[in-house]
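**Q** One letter stands for each residue in the lines below.
2 protein chains.
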Amino acid sequence: MSNFDKLSINTATIKRASLAEALAATKAAGLSHIGLWRDKVAEVGLEAAVKMVKASGLQVSSLCRGGFLTAADEAGQAAALADNKAAILEAKALGTTEIIMVVGGLPDFSVSPGAVDGGGAAVAVAGGKDLVLARQRVADRLAELVPFALEHGVRLVLEPLHPMFAADRAVLSTLGQALDLAAPHPVEAVGVVVDTFHVWWDPSLREVIARAGAEGRIASYQVCDFNLPIASDALLSRGFMGDGVVDFASIGAWVAETGYDGVVEVEIFNEDIWAQPFADVIDTVKDRYAELVEPYLAVVSV
Amino acid sequence: MSNFDKLSINTATIKRASLAEALAATKAAGLSHIGLWRDKVAEVGLEAAVKMVKASGLQVSSLCRGGFLTAADEAGQAAALADNKAAILEAKALGTTEIIMVVGGLPDFSVSPGAVDGGGAAVAVAGGKDLVLARQRVADRLAELVPFALEHGVRLVLEPLHPMFAADRAVLSTLGQALDLAAPHPVEAVGVVVDTFHVWWDPSLREVIARAGAEGRIASYQVCDFNLPIASDALLSRGFMGDGVVDFASIGAWVAETGYDGVVEVEIFNEDIWAQPFADVIDTVKDRYAELVEPYLAVVSV
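Respectively, the protein sequence lines represent chains A and B. Quick note: the first sequence, position 99, residue 99 per the numbering used here, numbers continuous. To get the numbering used here, take the position in the second sequence, counting from 1, and add 1000.
Because the hints were derived from the structure by calculation, they are not lab data. Values in this document were obtained by computation on a predicted structure and should not be read as measured data. There may be inaccurate statements among the hints.
[Said to hold, decoys possible] Estimated spans, in silico, between C-beta atoms of each pair:
(1) Ala1028/B with Ala82/A: 19 to 27 Å
(2) Asp1140/B with Tyr296/A: 47 to 55 Å
(3) Ser1232/B with Glu257/A: 36 to 44 Å
(4) Arg211/A with Asp1140/B: 24 to 32 Å
(5) Leu1046/B with Asp280/A: 52 to 60 Å
(6) Ala1075/B with Leu81/A: 54 to 62 Å
(7) Ser18/A with Glu1271/B: 38 to 46 Å
(8) Glu21/A with Ala1279/B: 56 to 64 Å
(9) Asp1287/B with Pro184/A: 41 to 49 Å
[Claimed, not checked] Short, incomplete list of chain B residues facing chain A, as computed with Cβ under 10 Å:
(10) Pro1147
(11) Val1245
(12) Asp1283
Each residue gets a CB set at the ideal place from its N, CA and C atoms; glycine is no exception.
Bound conformation, chain A alone (with noise of 0.2 Å):
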């Protein structure tokens, strides 16, 4: 029998509820985490939203999102710092250790760090398209916010992104890169998000998530399928577990093999899946969890 201690509904997943409607239909659903972010924060103010987790009894497994850290003009640079600092800060204040860091494209294409995925608008700032040196810079920065982190308790949780968007979203595009980028900080500071939607497709897959949990990296695993045809809007091709190309047998055995029993993240992006009832999203989630990704898992509490 199913348990669903370890699944987490990223309110992305249903993207049209509001920060109340999103705790209350999770919380409906018998679940015990939600994962939130930052607009639907805003959207009522960090102390009200702060109120409202509290009262729910749910348990916020990460914020999303901070990072955007590829700007090449001091400007750009300070405001992502800032930026990045007040999220950790809201991450702290609602109650969860993981802030979700989508580290920013090429200065020529990146989106703007505000920008809602789904929603958002592509900026054009000066900068080039040299990648080597804007993933430099996404070093340089994360350097300059781990002390910020520790001394707040929170950790930056890198998440790689599919290729397809390493100009216009984050020019961290593998989970070995994302290793890479960790190694130097401590792992408390630093983690790294296994989101298969992104990673998927990595012909070093298996041993990369191997080294991620032998190095104490995974912060969080977030599942859902990347679907074909991809979408005219390619971030919205993510779909329910099933409906793609994904092979979660696989991947979820990869992570039960490191030993990984934490939160098991839904976030998906999709304009199909937006337009249903939140109750019945949910309750397909968790279906397909129950069938899908579960089975695989290391530890199922029974």
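Got chain A; can you put chain B on it based on the hints?
**A** The following block gives chain B in isolation, referenced to the frame of chain A:
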């Protein structure tokens, strides 16, 4: 002053041209190389195509494409071997030593071997979502083809495709993976192509291009840009050099560092470009090549 001795136009770039028109336009532009697709050859028949190529005086830089080696069933595997042997013989007859290999996707999602890019229909066949197994079958089929390729003096040129095509076109997703796949075989039998559209995002690109050079595997350098936003058919997101996100200066320098001084082939799938007069397309390719590609290559004939 630019010299176009090394520049090759792939017929996919002027997709609406017949073989005769493609040969004439390439010749009229003062170029000496052309890359052919098998469908263009099939339109007139191999024998006629060989005569036309000979009469044109152009050198065929590569033949596209062999591959589609992921079938899980015996009939599909036998058909793939037969088709690839035919492709090897066609390449030999057309006077090129290079057959570009697109290895095929997951059996459940792969386009059919005969599909022409930009016009092909996906067909579902049995076999599941197991990428590890699909990749192993590619290695198995490649080993079966190598003796035939060696016998006929044709090189099987492995093309890693961008990871957004890992399910439907090529389970071969990185240049490093291509080199691992090539490793057991002689360099005369198995090479790799560095196609900027597919590999620009790779965090290990500089190192892996150096490895490809050191191992004697670079059979072709193909250039085109990666346009944003991604086209509704992602395959058609290729663009003229300079129109997208690719850093040709860096990648060109890395290729040049290996000592590569072979042909540079331009292969662009793009509806807007296909709608332009062939001569205009080739003129733009020449301009962009002279501005963005040639200056970074080691050996510039003057």
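**Q** Evaluate the given range 56 to 64 Å for the C-beta pair formed by Glu21/A and Ala1279/B.
**A** Roughly 59 Å apart at Cβ, these two residues keep to the hinted range, so it holds.
**Q** Quick one, is the Val1245/B hint okay against chain A at 10 Å, beta carbons?
**A** For Val1245/B, the interface hint holds, since the closest Cβ of chain A sits about 4 Å away, which is under 10 Å.
**Q** Measuring from beta carbon to beta carbon, are Arg211/A and Asp1140/B in 24 to 32 Å?
**A** The hint (24 to 32 Å, Cβ to Cβ) holds, given that Arg211/A and Asp1140/B are roughly 27 Å apart.
**Q** May I ask you to test the interface hint for Pro1147/B with respect to chain A, counting a Cβ-Cβ separation under 10 Å as satisfied?
**A** violated (26 Å)
**Q** Is 52 to 60 Å respected by the C-beta to C-beta distance linking Leu1046/B and Asp280/A?
**A** Distance hint for Leu1046/B, Asp280/A holds at roughly 56 Å.
**Q** Take the shortest C-beta to C-beta distance between Asp1283/B and chain A; is it under 10 Å?
**A** Violated, because the Cβ-Cβ distance from Asp1283/B to chain A comes to roughly 24 Å (cut-off 10 Å).
**Q** Using the C-beta atoms of Ala1075/B and Leu81/A, is the stated range 54 to 62 Å upheld?
**A** holds (60 Å)
**Q** Is the gap between the beta carbons of Ser18/A and Glu1271/B within 38 to 46 Å?
**A** With Cβ atoms ~41 Å apart, the hint holds.
**Q** Given a hint of 36 to 44 Å, does the C-beta separation of Ser1232/B and Glu257/A actually sit inside it?
**A** holds (38 Å)
**Q** Indicate whether the distance between the beta carbons of Ala1028/B and Ala82/A respects the range 19 to 27 Å.
**A** The hinted range 19 to 27 Å is violated for Ala1028/B and Ala82/A, with Cβ atoms some 58 Å apart.
**Q** Is 41 to 49 Å right for how far apart the beta carbons of Asp1287/B and Pro184/A are?
**A** holds (44 Å)
**Q** CB of Asp1140/B to CB of Tyr296/A, is that within 47 to 55 Å?
**A** violated (26 Å)
Comparing the model with each earlier hint shows violations of hints 1, 2, 10 and 12; every other hint is respected.
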